[in-house]
Amino acid sequence: MHYRTALAGLFFVLMAAMQSGAQSSVPVSGEPLRLTLDEAIKMGLERNPQVAMSEAAADAASAQVMKAKSNLYPSVKLSANWVHANTLPEFTSGEPSYYPTTPPNTGGVPVHYHYWAFPGFEMSNTREGDIYGVKVEAQYALYTANRVKNGIKAAELNRQTQDLAVQQARNELVYNITQAFNGTLVAQEMVRVTDEAYNTANGHYRQVKALYNEGLVSSQDLLRVESELAKLRTQQVQAKNGVEMAKIGLKHQLNLDLDTPLEVEGRLAEPVPPLPVAEDLYSQAVQNRPETRTIVLREQMAQTMVDIAKAGAHPTVGLFANYSWDRGQEMPPNDTIWRDGYQAGAAVSVPLFDGRATESEVAEAEANLRQVKQGRRMLELGVRTQVSQAVLAMRAAAERIESEKTAVKLA
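Residues -14 to 396, numbered by the working numbering, are exactly what the sequence shown covers, in order.
Honestly, the hints are just simulated from the structure, not real lab data.
All of these numbers come straight from a predicted model, not from anything done at the bench.
Any given hint might turn out to be false.
[To be verified] Dumping the calculated BS3-like pairs for lysine-lysine here, alpha-carbon to alpha-carbon at most 30 Å: (1) Lys120 to Lys52; (2) Lys394 to Lys134; (3) Lys52 to Lys62; (4) Lys120 to Lys27; (5) Lys62 to Lys134; (6) Lys295 to Lys358; (7) Lys27 to Lys236; (8) Lys394 to Lys216; (9) Lys138 to Lys394; (10) Lys236 to Lys138; (11) Lys394 to Lys52; (12) Lys394 to Lys295; (13) Lys134 to Lys295.
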């Protein structure tokens, strides 16, 4: 009996543990999902599809590097074939040939004839049979005018850009989650402030209403207080709607269903210390922001593509070798014997005329390089503008905070 009780108790403990673990990702029905900022960021990084897409693109770029490096090694291939045909060669017997063997007499007329019979043979292609073949062949690109080297370089640069794209997607998601989370905290604080203001105004309204009933204040005073109370009621409704809107934005960033009940836990951060000069911040932004580092890599990729296009005007040299086993192509009775042999050699390909295709590829690659360079200039200018705007906004916010502190002290 005690044994069954212990098993039942263990079962309920395990169920409770499973439910508590499930609450970390999916809330129990009817209970809100409570998150701190760190928990929200962690959940967002795990669930956001944009981050998952960028990580998949990075994995694909890594696979492309492996593919590009495979050109450094010889390729070895094994092939086999079987063919059934009815046009195989063979010897067949035909009409015999007769040759005279008795010499003529002196008068030119033989007394009698003797003939030597030779069997008749002829070759035909009417035999039906099977042909088998097995071949092992290897190829190696000995000289490609740095096509392989530059191809690997371009693939590695692309992988680095995709890694930076993952970092950029994560940074943007963390920023958006932080903005939405803090926006929810601000909205909740606005609800608290408007509720306090409404309660205070409602108490004042009751006092004025009592004085009005005693004839100590005029109806205009009562109407003025009622008007202020109605305005505060509107602000109260707007503040509560603001909380719901902020939570919807946070749920979107976390990839949660909009019907999921959500509660945020935390407090607004203290004001940041004084910022350094804008030029120092700009230098840090250029060094640290993924998009600025990405554009540098893309410029290097574009230059590499120019080199690859120019290599199209150079010859290529390759080595090849194969070993094969064949049976069934010879005439009987040798059609059942396996014959083996090998071939080895070198091949040279020299482009003589391609209708200016290589020239156009070089021109296209150089145009893309110029485009990337202009994009880099635009991006650096945009980063400088964003840093300047952010510094001005932070300074303005700090000044507003100090002004509000002074107003609170005077009040």
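Quick rundown of the hints versus the structure:
no.: 1; hint: Lys120 to Lys52; result: holds, 25 Å
no.: 2; hint: Lys394 to Lys134; result: violated, 70 Å
no.: 3; hint: Lys52 to Lys62; result: holds, 17 Å
no.: 4; hint: Lys120 to Lys27; result: violated, 55 Å
no.: 5; hint: Lys62 to Lys134; result: holds, 23 Å
no.: 6; hint: Lys295 to Lys358; result: holds, 20 Å
no.: 7; hint: Lys27 to Lys236; result: holds, 13 Å
no.: 8; hint: Lys394 to Lys216; result: holds, 26 Å
no.: 9; hint: Lys138 to Lys394; result: violated, 64 Å
no.: 10; hint: Lys236 to Lys138; result: violated, 41 Å
no.: 11; hint: Lys394 to Lys52; result: violated, 68 Å
no.: 12; hint: Lys394 to Lys295; result: violated, 73 Å
no.: 13; hint: Lys134 to Lys295; result: holds, 13 Å
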